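Protein chains: 2
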Amino acid sequence: MPKHVNEISDLKLIFEPRSVAIIGASRTPGKPGYNILKNLIDLGFKGELYPVNPEATEILGLKAYPRVDSIPGRLDVAVIATPASTVPEIMESCARKHVKGVVIISSGFSEEGNTALEEKMVKIAQEAGVRIIGPNTTGVLNTANGFTSSFVPGMGRAKKGHVAIVAQTGVFLGYMLAYVISSQQFGLSKVVGLGNKRDVDDVDVLNYLGQDPETKVICMYIEGVSNGRSFLTTARKISKKKPILVLKSGVTEKGAKVAVSHTGSLAGRSEIFGAACKQAGIIQVESFEELIDFAKAFALQPLPKGKKIGVVSVTGAGCVIAADSCVKTGFQIPDLSTETVEAIRKISPPWHKRIGNPVDVGPAIEVGMHSPLEALNVFNTAFNVLLEDKNLDSLIAVFFGLYRSFPMFETALSDITFIKERTLKPLLFSISGDKEATDEITKLLESNGFPVYPDVTRAIRAMSAMCEYYILNRA
Amino acid sequence: MPKHVNEISDLKLIFEPRSVAIIGASRTPGKPGYNILKNLIDLGFKGELYPVNPEATEILGLKAYPRVDSIPGRLDVAVIATPASTVPEIMESCARKHVKGVVIISSGFSEEGNTALEEKMVKIAQEAGVRIIGPNTTGVLNTANGFTSSFVPGMGRAKKGHVAIVAQTGVFLGYMLAYVISSQQFGLSKVVGLGNKRDVDDVDVLNYLGQDPETKVICMYIEGVSNGRSFLTTARKISKKKPILVLKSGVTEKGAKVAVSHTGSLAGRSEIFGAACKQAGIIQVESFEELIDFAKAFALQPLPKGKKIGVVSVTGAGCVIAADSCVKTGFQIPDLSTETVEAIRKISPPWHKRIGNPVDVGPAIEVGMHSPLEALNVFNTAFNVLLEDKNLDSLIAVFFGLYRSFPMFETALSDITFIKERTLKPLLFSISGDKEATDEITKLLESNGFPVYPDVTRAIRAMSAMCEYYILNRA
Chain A
42 MPKHVNEISD LKLIFEPRSV AIIGASRTPG KPGYNILKNL IDLGFKGELY
92 PVNPEATEIL GLKAYPRVDS IPGRLDVAVI ATPASTVPEI MESCARKHVK
142 GVVIISSGFS EEGNTALEEK MVKIAQEAGV RIIGPNTTGV LNTANGFTSS
192 FVPGMGRAKK GHVAIVAQTG VFLGYMLAYV ISSQQFGLSK VVGLGNKRDV
242 DDVDVLNYLG QDPETKVICM YIEGVSNGRS FLTTARKISK KKPILVLKSG
292 VTEKGAKVAV SHTGSLAGRS EIFGAACKQA GIIQVESFEE LIDFAKAFAL
342 QPLPKGKKIG VVSVTGAGCV IAADSCVKTG FQIPDLSTET VEAIRKISPP
392 WHKRIGNPVD VGPAIEVGMH SPLEALNVFN TAFNVLLEDK NLDSLIAVFF
442 GLYRSFPMFE TALSDITFIK ERTLKPLLFS ISGDKEATDE ITKLLESNGF
492 PVYPDVTRAI RAMSAMCEYY ILNRA
Chain B
42 MPKHVNEISD LKLIFEPRSV AIIGASRTPG KPGYNILKNL IDLGFKGELY
92 PVNPEATEIL GLKAYPRVDS IPGRLDVAVI ATPASTVPEI MESCARKHVK
142 GVVIISSGFS EEGNTALEEK MVKIAQEAGV RIIGPNTTGV LNTANGFTSS
192 FVPGMGRAKK GHVAIVAQTG VFLGYMLAYV ISSQQFGLSK VVGLGNKRDV
242 DDVDVLNYLG QDPETKVICM YIEGVSNGRS FLTTARKISK KKPILVLKSG
292 VTEKGAKVAV SHTGSLAGRS EIFGAACKQA GIIQVESFEE LIDFAKAFAL
342 QPLPKGKKIG VVSVTGAGCV IAADSCVKTG FQIPDLSTET VEAIRKISPP
392 WHKRIGNPVD VGPAIEVGMH SPLEALNVFN TAFNVLLEDK NLDSLIAVFF
442 GLYRSFPMFE TALSDITFIK ERTLKPLLFS ISGDKEATDE ITKLLESNGF
492 PVYPDVTRAI RAMSAMCEYY ILNRA
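Going line by line, the protein sequences match chains A and B.
Residue 42 is where the first sequence starts when you use this note's numbering, and the numbers rise one by one after that.
Residue 42 is where the second sequence starts when you use this note's numbering, and the numbers rise one by one after that.
If you're looking for bench data, these hints aren't it; they were derived computationally from the structure.
Note that this is a predicted model, so its numbers are computed, not measured.
Among the clues, some could well be false.
Because identical chains share one entry, a pair is satisfied inside a single copy or across any pair of copies.
The list that follows gives simulated cross-link-like pairs (lysine-lysine, BS3-like), each with its CA atoms no further than 27 Å apart [as the list claims (entries may be wrong)]:
1) K346 x K72
2) K476 x K200
3) K164 x K319
4) K319 x K369
5) K349 x K295
6) K369 x K298
7) K72 x K87
8) K349 x K387
9) K72 x K476
10) K141 x K164
11) K278 x K484
12) K72 x K349
13) K387 x K295
14) K431 x K484
15) K387 x K283
16) K281 x K161
17) K164 x K484
18) K104 x K141
19) K431 x K295
20) K257 x K349
21) K161 x K394
22) K53 x K466
Construct all of the structure, not just a fragment, from the sequences and the given hints.
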């Protein structure tokens, strides 16, 4: 497959350009050509920035140029955000300028039946050796150097981290990013919107992200794969090193039909794709919510080495619901070691006689709730002995937030040892209850590296996905 | 079953008492005996309130009494929040006072192996004809008259509405309530924590809620049912009038074992319970999150009369993902009527040629996004024609919130006809994206009666549950 020979160095240039032109840069806030420039400035992109707009002399404090040809010096990458009909001519000017890669934001190509226009534009690029991301996409985000072609407002708030997101579809990717940036504590490494995939495709990007030292987890939203075999071969290789989580839509007959009219790609059959994913070590997810649920577990916690799970909760109902969910998901809930039982007994009131797995620390907290220091001691003891118990591979903590009870939790959770000394076993939290308290505890725990889920069943599914990945790729 | 003959009038008295004693009332904020009194005051309970505490003369501005016997006049209900060992003696004083019902907050009875203490206390009550809710519970909330025995902080913020919640377990119910009150726009009618169910049980409460005019949806968290046959007969009768949603835990062998040590109840086998629920018209849910997801759909929207669903989204990916999820859940996605297609075509740009179900209104919004008024016209047209389309039984809208784009959405969504004139078909939203924008749009739509879900798969599962209820009970 000669097409993929140079993909990594080519993509490296597109992700790490020294100079970028924004073609269709705009002075009107809210327009894509304004938002892209604003995001680049907010992210502190350090390369040269050239806004291109024949009717402006300055945009957002930067000198604007009427055409690509009038830009001085070398140009690595062009971001195109003008109407589809203007793209072939712009591509010609990019070719004359020896641009290495273009990101085409514009839509209205093959996805709307305008195949001839797309072919014309691609032919010009191929003859000049210009790589294309898109068209019909939000393009690229690289938090390491602050480069982006995204027009999603607020992208400047993106945190650096280790999760990469790849999506076929631009607008949806924009919303996904808006969600992650505004509500998640884990950071991003690279983001790629592939759009119509007329040149750079899933395989190119997988290869690039497989080698990217910033990326520890790869999340993909895929409607259709054009070169399935190559994709699976690449995925199998990279899965051994990094988890690949895939949300595949268009898996039903009707969904596939809709996908054709959306990105023009032919979606594969559900069962075939599912079986192929398993062979390639890919973790398939059922929804965008699940994609993020799993991503943060993989990004923040170590892998469980087996199916033996411990559960600790502040209420009996939490224990029962968690036990059901663990068993349904294929976990074993083994007995605790004698040492663990004794340590829990020591912090529990005498009337709390039945101590086992799941562990109900509610009675211990009732005894210790008179001061944050006592509550801290309960948490400290329970988490430490459970994480050290040789009978367990992983731990789920089912907690709740109460109206105005946050200070006690905050003191207890932020000070205790388990936060400071990371363990070799994964620990996932489920926290529900009062919204304000829950939001605050969630933020606190996640920014300390402990993923939090609003429902225990979701925490357990995430842990199960980590088990599945371990068994498929590392066991 | 003579035990249940008088349950409705008895429960009516417990839910609508004219005078209430809080035994174990406390001056220390955070203690159950303080929180209960505070919640009653915040909810504006209009009956007589008697704090009972031998060491206080006044609590929260109310005259305190040393003993039940020293309370003047008639006493309908006593709420007991003192240590378990003191309860038999208090029950004797309640019997002398001809109290009609007691709510026992205290724990440390059969759930911790102290069966003899529980038997002693129950015997005194039964001989005097005193009904018991609990022990080991948060008890009761009635938003209609402001009565509560709940010690969950902030209960005074509970909104009046039509969802009733019944749970076996007190602490968990407290957290459930904290969640609903702090984050949901739908209101509550009645809440009951049954605890150890030594007298008032699921059947009593079902009968009472079946007749309660405020209650339109009944949500239950059940660990075990003692009189299964009676429960199912009652449920079958009430399901015809009102949906009953049940989260049953202890359905796995391990979960059941844990449930025994939690509320002392014997949990039934999963498959048997599932089949029995179906026969009784009960909708079984898999998690607490799903319970709330379904409850708000049933509380706020009409039932779909069939499986033919429409999808409208602002992005193609939303259409594809929704189509997959609809098909997997058993929905049909029929063609739209010619009139609908023509109406959508009129608001779409000419290049957007493929108009069908799901409906991608992204292109129309791109055209109309220059002013809130134009966006409003797009929403207005799309929702109205889709809700009027005779080919559809229900509608799912897949929307997204963007950073600082909220004003446009707000203007558009709050003014349009579909909000003002309720339809006979259900409409559920999925809204994701920027947290702040999503939270605001969600609040706006839900307070106007339109449930919002953070993931499209959850909106579609809720719609599917409404279909299932309609087919089981109304078709």
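Now for the hints, and whether the structure bears them out:
Taking identical chains as interchangeable, the C-alpha atoms of K346 and K72 are never at most 27 Å apart, the minima being 49 Å within one chain and 42 Å between chains. For the identical chains of this complex, K476 and K200 are neighbours both inside a copy (24 Å) and across copies (15 Å), given an alpha-carbon limit of 27 Å. Proximity of K164 and K319 under a CA criterion of 27 Å is satisfied in neither setting, with 37 Å inside one chain copy and 60 Å between copies. For a Cα distance limit of 27 Å, the shortest separation of K319 from K369 qualifies both inside one copy, at 20 Å, and across copies, at 20 Å.
Proximity of K349 and K295 under a CA criterion of 27 Å is satisfied inter-copy only: 13 Å between copies versus 40 Å inside one chain copy. When the C-alpha separation of K369 and K298 is checked against a cutoff of 27 Å, the pair qualifies only between copies, where the shortest distance is 15 Å, while the shortest distance within a copy is 34 Å. For the identical chains of this complex, K72 and K87 are intra-copy neighbours only, at 23 Å inside a copy versus 57 Å across copies, given an alpha-carbon limit of 27 Å. Only within a single protomer do K349 and K387 lie at most 27 Å apart by alpha-carbon distance; the minimum there is 24 Å, versus 59 Å between protomers.
With identical chains, the CA atoms of K72 and K476 are at most 27 Å apart between copies only, with a shortest distance of 21 Å across copies and 35 Å within one. Proximity of K141 and K164 under a CA criterion of 27 Å is satisfied intra-copy only: 15 Å inside one chain copy versus 87 Å between copies. For a Cα distance limit of 27 Å, the shortest separation of K278 from K484 qualifies neither inside one copy, at 35 Å, nor across copies, at 46 Å. For the homomeric pair K72 and K349, neither the shortest alpha-carbon distance inside one copy (52 Å) nor that between copies (38 Å) is at most 27 Å.
In this homomeric assembly, K387 and K295 come within 27 Å of each other (Cα to Cα) only across copies, at 25 Å, whereas the closest approach inside a single copy is 59 Å. Taking the shortest Cα distances, K431 and K484 never come within 27 Å of each other, neither inside one copy (30 Å) nor across copies (47 Å). Proximity of K387 and K283 under a CA criterion of 27 Å is satisfied in neither setting, with 42 Å inside one chain copy and 48 Å between copies. Proximity of K281 to K161 under the C-alpha cut-off of 27 Å is found in neither arrangement, the shortest distances being 40 Å within a copy and 63 Å between copies.
Taking the shortest alpha-carbon separations for K164 and K484, neither the intra-copy value of 49 Å nor the inter-copy value of 49 Å comes in at or below 27 Å. Taking CA atoms no more than 27 Å apart as the test, K104 paired with K141 passes inside one copy only; the shortest distance there is 22 Å, against 82 Å between copies. Within a single copy, K431 and K295 get their C-alpha atoms only as close as 49 Å, which misses the 27 Å cut-off; across copies the closest is 20 Å, which meets it. In this homomeric assembly, K257 and K349 come within 27 Å of each other (Cα to Cα) only inside a single copy, at 25 Å, whereas the closest approach across copies is 43 Å.
When the C-alpha separation of K161 and K394 is checked against a cutoff of 27 Å, the pair qualifies only between copies, where the shortest distance is 21 Å, while the shortest distance within a copy is 77 Å. In this assembly of identical chains, the alpha carbons of K53 and K466 never lie at most 27 Å apart, being 35 Å within a copy and 52 Å across copies at closest.
In terms of the numbered hints stated before, the structure departs from hints 1, 3, 11, 12, 14, 15, 16, 17 and 22, listed from lowest to highest.
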